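Enquirer: Since chain A is already given, all that's left is putting chain B on it; use the hints.
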Amino acid sequence: MAHGYVPAQTHAEVTRDVVATLGAPSRGYVMMLAGAVGLFLVGLFTFVMLLKEGLGLAGYSPPVMWSVYITTFVFWVGIGHAGTLISAILFLFRSQWRTAVYRATEAMTVFAVMTAGLFPIIHIGRQWIFYWLLPYPNQRYLWPNFKSPLLWDVFAISTYLTVSTTFLVVGLVPDIAAVRDQVSGWRKKLYSACSLGWTGSDNQWRHYTRGYLYLAALATPLVLSVHSVVSWDFAMSIIPGWHGTIFAPYFVAGAIYSGIGMVFTLLIPLRKILRVEHMIVDYHFDNLAKLTLFVGSILFYAYAMEYFVAWYSGNTFEQVTFWRRAFGPMWWAGWSMIICNAFVSQLLWFRKIRTNLTALFVISIFINIGMWFERYVIIVSSLSNDYEPFAWGQLNPTWADWGILAGSFGWFGMYFLLFARTFPIIAIQEIKETIPFPRKRGGH
Amino acid sequence: MATMTQGVLASFIHVDAATDAIRALKAQGRTDLTVYTPAPNHEIEEALDHPVSPVRVFTLVGGLTGCAAGFAMTFWMSNNWPLLVGGKPIATVPPYVVLGFELMILLGALSTVAGMVIMSVVNARKRVPYSEKFTDDQIGVFVPCRADEAADIESLFKRAGSVEVTHAA
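Chain order of the listed sequences is A and B.
Start counting the first sequence at 9; every next residue gets the next number (the working numbering).
Start counting the second sequence at 44; every next residue gets the next number (the working numbering).
Just chain B, with the same shape it has in the complex:
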């Protein structure tokens, strides 16, 4: 099992206190923060200022692949075992739009979920401390730091309005 990342973890009940702490830490050049919230919050997102998630690329690629696969499958299979009906084409676009559309949605959705999982795992930081209160009603901010920096960070958290500060060794 990976060892716990060294640093300081603070809990907040006030959202503006948490955003004050995040902005102060970012002003010090500390960008490797982990912020826990029970629900997504726009103020926290603005304070963190992350770039847009690349999950949309997975959605686009999955959707286009599904659409292409739907048309390719129907055209190839129709020509592979032709159903000859007098005067009608063996393979034709209008009825196959339905299958192209359905497979676009199907692969688009599945690749979106794959993107969410992959990006969450790839971007996950090393093992960081966590409290069960963060899925309930508190906001958590963890900063990785050396032991000699911990006291300064703790006082920053307390000035911002943290209700609890713990040190992870």
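Just chain A, with the same shape it has in the complex:
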């Protein structure tokens, strides 16, 4: 039985409309792809220079030895979380509105985590021996230190990438089969190979639906755990501003908030470029905006609680750290984070704003900027003033920091745009599931 929003199309129209998105690219699409490739090349050049010259090119200076790269790592991991929330958690809650947007958000998750995974490798300096992070038998008879949260992170991120990719690919199989049955020539051969012999038989659906349910059930605790583990990279240390028990839920809420922000940034132009405005409608954006408001309010609470705990703890070091976040040399970053995240999200109480796509797009840009600054403030401001005032110092990012940051947007955008034109960006079979079959005896 269908509840809530039911698309106006028939089953056949859903297939046609989604297959149409895989046709010849529009001018807008080509321009966006060219922009993404351009940014990627900037990042590639910067990375080659880092390989050649070393990490000295980036703005690391004691005591700030985690800076833009780790900030951007946390930013991209966070972006990934909204995708799994929408595709797995809302699937378990049977939220029907997710069907139109979940494929795009799930693809966003995979490419965002792929992007995030590059940053610890870039940050370690000797990138060619990154595999030392993994436990493998070696001539030195060494094993990694499993008590280190950094190693937990290696396992958390690689598991997250594997499981979210698996979830995306499994969900794609029936839709690729639907595309296969509508196209011809080399595309038919390509989609036939990718559809793994899918026919939609009762035997296939029987195992598929159960398996998909269990994958969602496994991905749900994963999405909550991954950013908790990322937060413990910081919270397990004793740096003022990091050593807080609030960090895990605070990071998870922030991650989902930033991820939904990126969903708006991607979907609002994409639905126009792919001409699917009739499939992703105000109803979907309204629900996404309500979710943004919910997690944005949790984030507002977390920001307030961080300052409250710093004051109430009576711990001088915490108090100084938070005072300097608001009124120290990085006040502009501290206030950017609070205004863009805590206050801007409160605009979404108004339905007129939740259904105004221009307003949502502008808000999403604020969210993206605010969430990058949140991580920048947490990481850089805490490191720049820890226990000993004579050791305090400020970070001065260089072109190598900004080049890699820009490149990461290009790397992500390139994969996302290529995916959107190659595979169904709207889930065909899940939308069809919400549309009742015709009945010879009438009714639904």
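Take the hints with a grain of salt, since some may be wrong.
Claimed, not checked - Which bits of chain B does chain A cover? Going by a derived footprint, with three or more residues having C-beta under 8 Å, they are:
id	segment
1	50-58
2	74-84
3	89-98
4	121-129
5	132-144
As the list claims (entries may be wrong) - Below, in silico cross-link-like pairs of lysine-lysine (BS3-like), each with a Cα-Cα straight-line distance of 27 Å or less:
id	chain 1	residue 1	chain 2	residue 2
6	A	LYS196	B	LYS176
7	B	LYS131	A	LYS155
8	B	LYS69	B	LYS201
9	A	LYS448	B	LYS201
10	B	LYS69	B	LYS176
11	A	LYS448	B	LYS69
Keep in mind the hints are simulated off the structure, nothing from the lab.
If you're wondering where the values come from, they're calculated on a predicted model, not measured in any experiment.
For glycine and all other residues, C-beta sits at the position ideal for the given N, C-alpha and C.
Expert: Using the frame of chain A, we list chain B on its own:
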């Protein structure tokens, strides 16, 4: 290449017509049906009344194996090359919970996919006819049968409301 299974394939646009046909065929003792749908449908599932998929066993076994492997790996490796820190145990449970959990999810998910693939292949019937309309907007029902039974089955499909019936030789 395997030869096509002999039988009758019917296409439906109405879900209640398809479920009527499935129930009528099951009443005749024909349980070896193949039903194609563009999306999963509860009415079809109820009419077919299949047992629950055993994929969950793969998920459970994979998850438990992953969890055990996570703890076994961390304890063994910690003791194999001890990192001695004054007053602290060489191997301890709390930090290793994270690795046990991550590997539980990882192997649980991978074995779920393996279960989906294995069960779909193992339970797959012999080569049966298929139409591209079944991933679009129609429901297909295929019944394997002898040539002399085909006419009766065709008339059953037509009475139920099939829009097209074809014979696979």
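Enquirer: Each of the hints needs a verdict: does it hold here or not?
Expert: Hints, verified against the model:
Interface restraint, the segment 50-58 of chain B with chain A: holds (3 residues with C-beta to C-beta distance below 8 Å; minimum three). Counting residues of the segment 74-84 of chain B whose CB falls under 8 Å from any CB of chain A gives 9; the rule of at least 3 is met. Figure legend: the segment 89-98 of chain B, annotated as covered by chain A; annotation consistent (5 residues with Cβ-Cβ distances under 8 Å, at least 3 required). With 4 residues having a beta carbon nearer than 8 Å to a beta carbon of chain A, the segment 121-129 of chain B meets the requirement of three or more and the stated coverage holds.
With 6 residues carrying a beta carbon less than 8 Å from a beta carbon of chain A, the segment 132-144 of chain B meets the three-residue requirement, and the given coverage holds. The suggested pairing of LYS196/A with LYS176/B holds, with an alpha-carbon distance near 15 Å, which does not exceed 27 Å. A C-alpha spacing of about 11 Å is found between LYS131/B and LYS155/A, which places the hinted pair at or below 27 Å, so the restraint holds. A hinted pair counts as satisfied when its Cα atoms are at most 27 Å apart, and LYS69/B with LYS201/B qualifies at roughly 16 Å.
Restraint check for LYS448/A and LYS201/B: the C-alpha separation of about 13 Å stays at or below 27 Å, so the hint holds. The suggested pairing of LYS69/B with LYS176/B holds, with an alpha-carbon distance near 24 Å, which does not exceed 27 Å. A distance of roughly 21 Å separates the Cα atoms of LYS448/A and LYS69/B; the hinted pair therefore holds under the 27 Å criterion.
When each numbered hint is compared with the structure, no violation occurs for any of them.
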